[in-house]
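J.: Here is what each chain is made of, one letter per residue.
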Amino acid sequence: MSHKIVDCRGLNCPQPVINTKKALEETGVHTVTTIVDNEVSRQNVSMFARNAGYSVSEEQKEGAYYLTITRRDGAGDPQTPGKEQPSVPRAAAGPAGGPVYFITTNSLGQGSPDLGQVLMKSLFVTLATMNPPPAALLFLNTGVFLSCNGSPVMEQLEQLHAGGTAVLSCGTCLEYYKLKDKLAVGSISNMFDINNWLYGPHKVITIA
Amino acid sequence: MGPHTLSQVLRHLPVPNNPRLLVGLETSDDAAVYRLNNEQALIVTVDFFTPVVDDPYLFGQIAAANALSDIYAMGGKPLLALNIVCFPDCLPPAVLGEILRGGADKVMEGGCILAGGHTVRDDEPKYGLAVAGLAPPADIVTNATARPGDLLVLTKPLGTGIINTAVKVELASEDAGREAGRCMSALNKEASAAMLRHGAGACTDITGFGLLGHAAEMAAASKVSLQIEFSAVPLLPETMEMARMGLIPAGAYDNKNHLEGKISFASRLKPEEQLVLCDPQTSGGLLISIPEAGAGALLNDLVQKGIPAAVIGKVLPPGEKLINVI
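In order, the protein sequences belong to chains V and Z. Mapping to the working numbering: the first sequence position 123 is 123, numbers consecutive. For any residue, its number in the working numbering is found by taking its place in the second sequence, counting from 1, and adding 208.
Don't take every hint at face value.
[Unchecked claim] Capping the alpha-carbon separation at 25 angstroms, the derived lysine-lysine pairs in DSS-like fashion look like this:
no. : chain 1 : residue 1 : chain 2 : residue 2
1   : Z       : K478      : Z       : K522
2   : Z       : K522      : V       : K22
3   : V       : K121      : V       : K182
4   : V       : K121      : V       : K61
5   : V       : K4        : V       : K61
6   : Z       : K478      : V       : K178
7   : V       : K121      : V       : K203
8   : Z       : K334      : Z       : K431
9   : Z       : K376      : Z       : K431
10  : Z       : K522      : V       : K178
11  : Z       : K376      : V       : K182
12  : Z       : K529      : Z       : K431
Derived by calculation from the structure, the hints in this document are not laboratory data.
Take the sequences, apply the hints, and build the full model.
T.: Structure representation (structure tokens):
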């Protein structure tokens with residue numbers, strides 16, 4: 001458990017981050033003090049370390065910043081600090097780890113629309129009890145009626161959202177059905193983000 | 209140059225006063241516009257920079273797409289382009305040949321004529337173009353005409369500054385680097401044509417000052433405020449991971465500092481998320497302000513052409529801040 005000093009004075013972004021990362025990856029190193037002499041490097045090194053699960057304490061002396069970075073118990077692998085929160089679920093409010101639901105209709109299944117709506121309600125009532133909860137609900141086409149005011153599943157949707165499920169509604173679809181002002185849960189999204197979820201690591205279940 | 213230094217320097221320049229100059233310095237727009245007659249306005253711009261990628265051909269394409277973009281952002285068609293080259297003796301001339309070939313191919317793709325250029329010996333290579341374009345004066349889309357009620361459409365994902373930084377230190381994946389290259393070298397030609405078809409109110413392209421820097425210029429020039437929704441802003445693959453790793457270029461911090469007091473961020477937005485919106489872009493997309501009635505059709509049109517555009521916010525009446533990020 002050694003303490004290593006990484007002097008990055010005179011170096012510009014992103015080198016101080018790289019040098020700090022390398023030092024933390026050395027076996028046996030428990031604490032690293034990185035010395036930087038500019039504000040950008042101070043913020044970038046600190047951002048890297050905090051997001052990688054280290055604690056950071058800062059001290060300013062003689063025109064330089066001394067950032068002491070210590071491994072917290074159970075800190076993640078320093079090689080993949082960003083992987084703790086992959087970019088796909090950046091809209092997620094919490095740690096929901098279940099599948100992604102790609103919902104393109106407000107009525108479940110073919111046949112009577114009335115029956116379809118009853119079934120959709122019962123799907124959401126069930127979904128709200130699942131553990132882990134779904135990672136994301138992606139609403140497209142008439143599916144966006146489910147995330148807007150007047151939704152028959154509002155209560156369950158709010159519950160899921162509060163529990164960490166990301167709720168995304170297609171902006172083009174909200175636009176088309178003139179629902180933009182009526183969105184009640186989650187955020188307005190786009191095909192790019194929605195596609196990122198479909199491409200992501202989660203299992204995808206389509207309700208069409 | 210950073211926005212702060214630039215505004216300090218430009219402050220001392222005389223402001224031209226000629227009724228034919230339709231767009232000049234004062235609104236920080238993308239290009240100068242000069243009315244030739246009632247049917248034609250001349251649009252003139254220049255842009256060049258140091259290499260952002262290793263591949264010289266790709267760099268040439270990116271620099272040209274970036275220079276042409278200022279014409280597209282004004283609603284014009286590029287007509288003539290001239291190369292601007294700085295190049296050291298120590299590099300093989302074949303490298304310059306590749307840069308120029310990339311530039312020439314993009315200029316041709318834009319339906320523009322490459323008519324010459326100028327070279328200077330310099331320690332560090334730099335490449336770009338001066339471009340002249342034309343548009344009917346009525347078609348000129350400035351950054352000063354966004355109206356409350358308009359929606360904001362962005363036509364390329366953000367993140368090129370962060371991904372280019374991460375590629376240099378080999379922390380971004382090859383796929384992410386390739387995707388950023390594809391994004392930077394894509395022309396804003398189709399996006400510009402689409403915005404004209406659907407009645408865009410205002411436009412600017414997103415480059416060195418980042419999304420928020422250029423959006424703030426639009427808000428100030430149009431005397432409105434903008435609301436931008438972070439989760440709706442498209443990002444290049446791996447941008448958030450790399451930002452969380454502290455691979456954020458100094459330019460993003462400069463841009464954010466320059467906007468101090470002009471922007472409010474929702475308290476849940478983390479520092480890295482705020483900085484991503486200030487990430488300096490190379491050859492970024494168009495930020496289009498368009499009345500709600502035309503926005504859906506514009507978006508459909510863009511998506512059908514394979515342009516990953518998104519509605520990222522809306523225009524509000526002038527408020528306490530130029531931009532509210534929610």
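J.: Decide, hint by hint, whether the structure agrees.
T.: So, going through the hints one by one against the coordinates:
1. Z:K478 x Z:K522: holds, 22 angstroms
2. Z:K522 x V:K22: This hinted pair is violated, its Cα atoms lying about 43 angstroms apart.
3. V:K121 x V:K182: holds, 19 angstroms
4. V:K121 x V:K61: Judged against 25 angstroms, a Cα distance of about 62 angstroms means the pair is violated.
5. V:K4 x V:K61: holds, 18 angstroms
6. Z:K478 x V:K178: violated, 32 angstroms
7. V:K121 x V:K203: Answer holds: K121 of chain V to K203 of chain V is near 22 angstroms, not above 25 angstroms.
8. Z:K334 x Z:K431: The hint is violated at about 36 angstroms.
9. Z:K376 x Z:K431: violated, 40 angstroms
10. Z:K522 x V:K178: holds, 15 angstroms
11. Z:K376 x V:K182: Not satisfied, since the Cα-Cα distance of roughly 45 angstroms exceeds 25 angstroms.
12. Z:K529 x Z:K431: holds, 11 angstroms
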